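Line by line, the protein sequences give chains A and B. Take 26 as the starting number for the first sequence in the working numbering and just add one per residue. Take 944 as the starting number for the second sequence in the working numbering and just add one per residue.
Do not rely on the hints blindly, as some may be mistaken.
Capping the alpha-carbon separation at 16 Å, the derived lysine to aspartate or glutamate pairs in EDC-like fashion look like this [as the list claims (entries may be wrong)]: (1) B/Lys-1022 - A/Glu-27; (2) B/Lys-1028 - A/Glu-56; (3) A/Lys-64 - B/Asp-1109; (4) B/Lys-1028 - A/Asp-128; (5) A/Lys-55 - B/Glu-1030; (6) A/Lys-59 - B/Glu-1100; (7) A/Lys-148 - A/Asp-128; (8) A/Lys-281 - A/Asp-240; (9) B/Lys-1028 - A/Glu-52; (10) B/Lys-1022 - A/Glu-56.
Some chain A residues flagged as far from chain B (calculated, every beta-carbon gap over 12 Å) [as the list claims (entries may be wrong)]: (11) Glu-209; (12) Pro-260; (13) Leu-278.
Worth flagging that the hints you see were computed from the coordinates, not collected in a lab. Since this is a predicted model, take the numbers as computed values, not measurements. Every residue gets a Cβ at the ideal spot worked out from N, C-alpha and C, and that includes glycine.
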Amino acid sequence: MEWKRKDLLGIRDLSKEEILFILDTAESFKEVSKRDIKKVPTLRGKTVITLFFEPSTRTRTSFEIAAKRLSADTINISSTTSSVVKGETLKDTVLNLQSMQPDVIIIRHSMAGAPHILSRILKSSVVNAGDGAHEHPTQALLDLYTIREKKGRVENLKVAIIGDIAHSRVARSNIYCLKKFGNEVVCCGPPSLIPPCLDQLGVKVEFRIEEAIKDTDVIMMLRIQKERGGISFIPSVREYSSLYGLRSEHLHLAKKDVIIMHPGPMNRGVEIMDDVADGPYSVILDQVENGVAVRMAILYLLLGREQ
Amino acid sequence: MEKVLILGKKALERVINRICYEIVEKNHGCQNLSLIGIRTRGVYLASRIREGIKSIESVEVPMGILDITMYRDDIFKLKSPRVRKTEISFDVNNMVVVLVDDVIHTGRTIRAAIDAIMDIGRPKKIQLAVIVDRNERELPIHPDYTGIHYRVSPGEEVLVRLKEVDGADEVIVTKTE
């Protein structure tokens, strides 16, 4: 197929074909990361700006490494070092950046829809690296890539997503992504952290972790989104951990070849215990590794499209 | 569209066979020899050359697959070209690498392939085997092993067709006029 999109804003509007095209392209780029010299000249002369208005370790580093491995020039801007602190609007910030002719702007913002607004005013490609509690498309893509790598397929799977579903953009993007391929998705968490209308997305809801992970192929653990007030929706972290924390004794309920995922950052001892996070079923570090390949593929496709 | 047959199945087989003998002769056997096929048809040709060398020397030389898309100098003029996997499982350092492709024209594909291999390791030598040399180079690159030379006239296209991808083994010239 031919990639025609200028931007990558969400999973919701991507077709199955486009998602698989990204995963296939990522597979080729993963080989580059395994070489001694992890660099190809593909995006030489292109400029990638990461504009992060929220903290990030994985996503930002992953995008930067992806761009650098493709020989693009990268510039990082964070909210604290940008003129936003002096009162400049987001629109003016990006218009000023655009005058410097970047090819891609990767944005993370606490406001849902911020990348969508920018995509309409910018000539350069825009990648959503997380917008509020809305979407985190590249995380869902790297999650699906990891699932395909470990399970050999992206269909006919039972996936449990456990934690603060209400405030999680990762959960939302993953639900859209997994349901597109007809998977069975079960969301689990305290009732206060389960958003209404999940059934409209074809998602089953369970309030007991034991029920949610029964016969699952994939368990995705999420942290409580403290920065979005998630903590005020539960009586105590201790109680949450005892009811919804994933422990090794839970795993016999899942399929024998279950994989445990977490988008990070993990709160060890809260939503996931050490022995599970570091155990044989955990693919958490594989997710991080695959993130680079998936982001290389996205940058390549956005910049390589017909201009 | 007019089609002219340049090499039929038997003739193509003979050409590949000759290239196998030339590779073995030029390298005094096949010690430290490896083959890398450039996607797509170069891969199948490399595989046939490997079989040919095996029947001559009773040695199976290592073979890899190279996708040069990431190294193309015209990548942004194309409509999102599909990047596929490079699969080279052996160490290219100090090897004699024979790059295999179906047609050499401008030399830009081979330039990209050499760049790609040099990023993977440092071979002792890189040699080039092609079935058809169109003799219209834009870069100073010359094949070491050539099946046939064919100077293409305006409106002509030379195609190496292989049964693995095209359903037939032949070299044809198509004329669009």
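A quick look at each hint next to the structure:
Proposed proximity of B/Lys-1022 and A/Glu-27 is supported: the alpha carbons are some 7 Å apart, at most 16 Å. For the proposed pair B/Lys-1028 and A/Glu-56, the alpha carbon gap of about 7 Å is at most 16 Å, so the pair holds. Taking the CA atoms of A/Lys-64 and B/Asp-1109, the gap is about 34 Å. The hint is violated against a cut of 16 Å. With a CA separation close to 26 Å, the supplied pair B/Lys-1028 and A/Asp-128 exceeds the 16 Å bound.
Taking the CA atoms of A/Lys-55 and B/Glu-1030, the gap is about 11 Å. The hint holds against a cut of 16 Å. Distance check on the hinted pair: A/Lys-59 and B/Glu-1100 sit about 38 Å apart at the alpha-carbon level, beyond 16 Å; violated. Note on A/Lys-148 and A/Asp-128: the hinted pairing holds, with a Cα-Cα distance of about 8 Å set against a maximum of 16 Å. Restraint check for A/Lys-281 and A/Asp-240: the C-alpha separation of about 9 Å stays at or below 16 Å, so the hint holds.
A hinted pair counts as satisfied when its Cα atoms are at most 16 Å apart, and B/Lys-1028 with A/Glu-52 qualifies at roughly 7 Å. At roughly 23 Å between alpha-carbon atoms, B/Lys-1022 and A/Glu-56 are farther apart than 16 Å, so this suggested pair is violated. A/Glu-209, annotated as away from the interface, keeps every beta carbon of chain B farther than 12 Å; the closest lies near 31 Å. Against the 12 Å criterion, A/Pro-260 stays outside the reach of chain B, whose nearest CB is about 51 Å from its own CB.
Chain B leaves A/Leu-278 outside its interface by the beta-carbon criterion, the shortest separation being 37 Å against a cut-off of 12 Å.
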